[in-house]
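Please build the complex by placing chains H and D on the supplied structure of chain X, with the hints as guidance.
Residue numbers (this note's numbering), protein chains in the order written: chain X, 11 to 306; chain H, -2 to 292; chain D, 86 to 339.
The reader is advised that the hints may include incorrect statements.
Restraint ranges, calculated between C-beta atoms of paired labels, are given here [what the hints assert, rightly or not]: (1) X/P231 to H/E243: 20 to 28 Å; (2) X/R146 to H/G54: 52 to 60 Å; (3) H/E243 to D/I155: 57 to 65 Å; (4) D/R214 to H/F73: 44 to 52 Å; (5) H/E243 to X/A96: 29 to 37 Å; (6) X/R179 to H/P240: 52 to 60 Å; (7) H/Q6 to X/V89: 34 to 42 Å; (8) H/P240 to X/Q15: 46 to 54 Å; (9) X/R121 to H/Q6: 27 to 35 Å; (10) X/P231 to D/G240: 51 to 59 Å.
Calculated from the structure, these hints are not laboratory results. As the structure is a prediction and not an experimental result, all values here were calculated from the model. For every residue, glycine included, the Cβ atom is placed at its ideal position computed from N, Cα and C.
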Amino acid sequence: MIAQQLINGLVSGAVYALFALGFTLVFGVQKLLNLAHGGVFMAGAFIAYYAVVSGVPFWAAAILGTLGAGLISVLIEIVAFRPLRARGQAEFAAIVASIGVDLILVSIAQRVSDTKVLKFPFGTFPIEFYRFWGLRISLLQIMILAIVAVLLAALVFYLKKTTFGRQVRAVAINEKAAALLGVNAKAVYFQTFFISGALAGIAGVLIGLSFNSIQFLMGEPYMLRAFVVVVIGGLGSIPGAVFASLMLGVMQTLSVAYLPNGVSEMIIFALLFVVLLFWPNGLFGGAGLSAGVGRR
Amino acid sequence: MMSYYQAYQPIIDFFLLNLGFAYSQQVALRAGVFSVATAGFGALGAYASAILVTRMGISPALAIATATLVGTAVGFLLSVPLARLRGVFQAIATLAFVEVIVSFLYYAEGITGGAIGINNIPRMVSTPALLAAVAAVMYVTWAIGRSGVGRAFDALRQDETVAACLGVSIRNYHALAFVLSGAIGGLFGGLQSLYVFSIEPGQFGFGFMVAILTAIVLGGRGTLIGPVAGCAILALLPEIARPLAENRPLVNGVILIAVIIYLPQGVGDGLLLQWRNRRSARRARAIEEASRAVP
Amino acid sequence: MPSLRLENVSKRFGGLTAVGDVSLTVPEGTITGLIGPNGAGKSTVVNLITGMLKLTEGRIVLGDEDIGEIGPEEVVRKGIARTFQNIRLLPEATVLENVLIGFHRHETASILAGLLNLPSVWREGKALRKQAEALLERFRMSDYADLPAGGLAYGHQRRVEMMRAVASGPDVLLLDEPVAGMNDVEADELGVIFKDLAASGMGLLLIEHNVRFVTKLCPVVHVLNTGRMIASGPAEEVMRDPAVITAYLGKGQA
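Same shape as in the complex, but just chain X (with noise of 0.2 Å):
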């Protein structure tokens, strides 16, 4: 029993992970939070679901909705951050700007789909199951999971081995310094808006479909728990975001099946609570910025 509630766990851990490590990107790049991030998420679910209804086959439709939240997320870059990052001191005016856009992609999603809860018609994945060892996982949950693992290598080999992840990490560490090395950040922020939309896109089209059910506020809950995740994993650390992801998806399959109701959220915020106080830089350490005071 407790093996398969391990696996689940896992399961929705790993697009956890997928949700937060874009969200981490942003931030580790830019040392900004987007918290528009669960408004891209929607969105992905929702071009995936309107392309399925409009006849477009599912892996089809999965890609749009990828592709469409990464577009959306450079638009993002584009009319909110660029402009407040040319300014300085942006740290406050980009959760404001990040919040007014999540406002207005929630409102024209619940305009569109008429505040209704949206279903993936009958036959849009097929519902097959697999046992062994007495566990029982699903088709989905396995593409699920590997989904996640070749994006997640993906990324990982993008931002390590490749020239582009090197101007990256360059734009992270100092802005200024990496143009003057001839790195052109316009482009660096380009890409990680663009990566970082995608991967939520692809997790809205994950758990729409996993949940059978998309909405306009589905966002929300996931961009509270990107929250935990990042912050135990250390804001802006790729490493520490998934393994929070995958220990945060475990913890609440368990406290889900062995606590009372309702408790699993508040453990989950007095986690983040608590983690935030004693060890602010993550668990794991090597977060992106240092998160209090005091003399050195």
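Quick look at chains H and D alone, frame taken from chain X:
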């Protein structure tokens, strides 16, 4: 005249309630504290006074006083651990605080009524009471602006290191900001629950935080007039045109982006600053001419 | 007024020694010079004295009190004020407001009185305003009182920063490159004010690049190079020291 007032009374009352919460948010930001805890203080105040009134038959005045005290105490308690954090980390920690409070309200059904909330609250607060509370909060905000407390807050917001090097105690003044934010938040939470008949946990979540933040960003973070301007515009917009009322979140979103990019000080603070700058530009010109006259 | 003593002060970041074994005294009523090339550790010394950095070794003593372990908020209350190498004003505040915040440590009205705007607060506010205006007068900045500090010319910003430090009523004033970027006339104007402050009993530590300016004002000059004190003594003597010339001009020039 009287019927005119009656037609607009609910708008005025909600304006006053929001204004109170806005001052709670503002006092934190003014001191450079990056807190969104106002929603949590409001929730605690609202539930405290609702429970006292409905379950224990305590008088509304005493219930609201208790709500204020609860907010004050929690504000102080929150300030102690949060002194270690800055910037976005402080914001996330206060967000976690609000989420813990809200999920507790959902969970503790026996005390709070869970998701259904508390629904049998008599209306015991009227416009004059709200006006009096807003007046009191505005008086304190005004007094802060004239005193050393305001100077310390403003210094902390603009440059913490400099403030520390001039002897401003970061810990004490941040704690004071949390306490004031908690007191005002608790007070208006208490007032709100004795005004709106029923409360439930969801109303103090993310949406509440965003609404209050919108008012402050729109109005301004530094001056007495800022929250008034912000709340007034947000209250009046839906009255001006129906489409604005129907697409409220959309309009708020556009406002947030436009204001933070083009008028980062906010409407109230921005106009005040512009007026001051124009005056000082004239002054600077005068100085220059005077110095040219004397060779 | 008490004098400030640094006794064998060291600061290491990891394996890097920013300041090693530095001793010096800032006696009351004098201007003491501290010079050295870029990266010599001059600003680190200031940050150590003001408690912004923690000491690795040594003692910092004001009068007969050890102030080496306390943070910046306490240090200023003990009577040490500073200016910053890269000017740090409160940009949104006016010149007068910038100076007023300097008086913070002398404010006696309680916080509660401040929240309620009791008479004690406005009496004190009036008194502080008067003192601030007197200070503006002394630095010849009265005309600028109501202008936003962020928009002032560079030299004027420096003055505002100094007024703010003086407003805190220090026994010892640490000036981190106060005349950097000024011409000789402007610098000499400030020199007169520094002499004035010293004459009132204050001890000044003048950290500078401008050797001419330092030799003119300081009876005693210390020279720092790569974190070590390489020379101390009367200005003319120190400037003839071959080690100092090497440090400043590079090898082969001595």
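Hints versus structure:
1. X/P231 to H/E243: 20 to 28 Å: 26 Å, holds
2. X/R146 to H/G54: 52 to 60 Å: The hint (52 to 60 Å, Cβ to Cβ) holds, given that X/R146 and H/G54 are roughly 55 Å apart.
3. H/E243 to D/I155: 57 to 65 Å: 59 Å, holds
4. D/R214 to H/F73: 44 to 52 Å: 32 Å, violated
5. H/E243 to X/A96: 29 to 37 Å: 34 Å, holds
6. X/R179 to H/P240: 52 to 60 Å: 46 Å, violated
7. H/Q6 to X/V89: 34 to 42 Å: Holds, at about 39 Å.
8. H/P240 to X/Q15: 46 to 54 Å: 49 Å, holds
9. X/R121 to H/Q6: 27 to 35 Å: Because 31 Å falls inside the window, the suggested range holds.
10. X/P231 to D/G240: 51 to 59 Å: 56 Å, holds
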